[in-house]
Amino acid sequence: MNQGKKNTANSITAFKLNDIILYILTIVIVMICFLVPLFLKNENTNSFSVYKNDSLVLIFDCEKDKYAVENEYLGLVDIKEENGEVLITIYTSIEKDNYNTLLVNLADNSVKVIESTCSVRKDCVHTRAIVNGEGVIICLPHGLKIMPTGSNYIPVVTG
Amino acid sequence: MKGNITSKKIAITALLTACALIAFSIENLFPPLFIPGARLGLSNIFILLAIFTVGNGYAILVFLIKVVLGSLFAGNISAMLYSLPAGLIALTVQIIVIKTGKFSVVSASVLGSVINLTLQNIVFCLVTNTLQFLIYSPYLALIGCVAGLIVGLAVFGSLKALPKILLVKKQANDLEDSHSEH
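These protein sequences, in sequence, are chains H and D. Residue 15 in numbering that gives the first Met the number 0 sits at position 16 of the first sequence, with consecutive numbering throughout. Residue 130 in numbering that gives the first Met the number 0 sits at position 131 of the second sequence, with consecutive numbering throughout.
Pulled out of the complex, with its shape left as it was, chain H reads as follows (with noise of 0.2 Å):
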């Protein structure tokens, strides 16, 4: 066998010794992503805006139990209210064929995406709800962002 041949040979086997460094990159690639949380510093509020394409749709203020929905967004969104949660469907097609459907828990300060017709993958149904300021659930199909109030907070007078 010529060192040609050495340099691949037994490239199809589960295990070779040299697999130690790639399995310590690994690693270092792992522990890298356990410090970026550390540094990503949580609202701690307890209201949430929906932004589509970038433009805000509405502002809800889970303590107050107050919204406010954007003029251009006022025949997109649909808010029922009862039992202390509150259901928001947002309509992201004049049609009103896309949606998504939010629901907001108003005892702990919480609010989810339950159902979308955006794609099979639904990944905005399958993000761990906003709680208390943490989290951020996006649906990209939709162009839809629903992010705890930071710095842009804007005083809730309606609803």
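Hints listed in this document are in silico derivations from the structure and should not be mistaken for laboratory results. Heads up, a few of these hints could be off.
What the hints assert, rightly or not - These stretches of chain H come out as covered by chain D in the derived footprint (C-beta under 8 Å, 3 or more residues):
| no. | stretch |
| --- | --- |
| 1 | 15-24 |
| 2 | 28-34 |
| 3 | 81-93 |
| 4 | 107-119 |
Built from N, CA and C at the ideal position, the CB exists for glycine as well.
Please arrange chain D on chain H, whose structure you already have, making use of the hints.
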């Protein structure tokens, strides 16, 4: 994609692409693994197999077709924005690692999977301008380790089971050497 484009290569590429798409579509029907967007990536089994059976260029071709058609089938074209660049970088790393011949397919798969999921998350954050999504990075990296291990072992098992005539000539020689040394 050096060398002759033979009908055998075209047939194997088409077969692997179809298998990758089927695996991708079936996996899409199930909820993600704890974190949005996190999946085992079973379609990568066929992309890695393409490296060994038809060559690097064809493997990239299988990946590109899988991403484009898979996104269309899932009705989620926007997923291409983050899965295409991240997947392409991860696949390139895997090809380079495998080409050196100094590492096993399992370790290459683990590294590629972790790079893929981590980069997907970073690109997703950049595309959506939402750095808060980086909070999922540690979980995605861990899921990447497990997913890469499962995919790597599946590729290893498949390569052992496949007839040597299907493998790229160099890989077939390596497999023969590996058997004779044991």
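Results of checking the hints against the structure:
1. For the stretch 15-24 of chain H, the stated coverage by chain D holds: 7 residues have a C-beta nearer than 8 Å to a C-beta of that chain, and at least 3 were required.
2. For the stretch 28-34 of chain H, the proposed coverage by chain D is satisfied: 4 residues have a C-beta within less than 8 Å of a C-beta in that chain, meeting the threshold of three.
3. Under the rule that three or more residues need a Cβ within less than 8 Å of chain D, the assignment of the stretch 81-93 of chain H is violated, with 0 such residues.
4. Residues of the stretch 107-119 of chain H lying with their CB closer than 8 Å to a CB of chain D number 3, which satisfies the three-residue condition for coverage.
Against the hints set out earlier in the document, a violation occurs for number 3 only.
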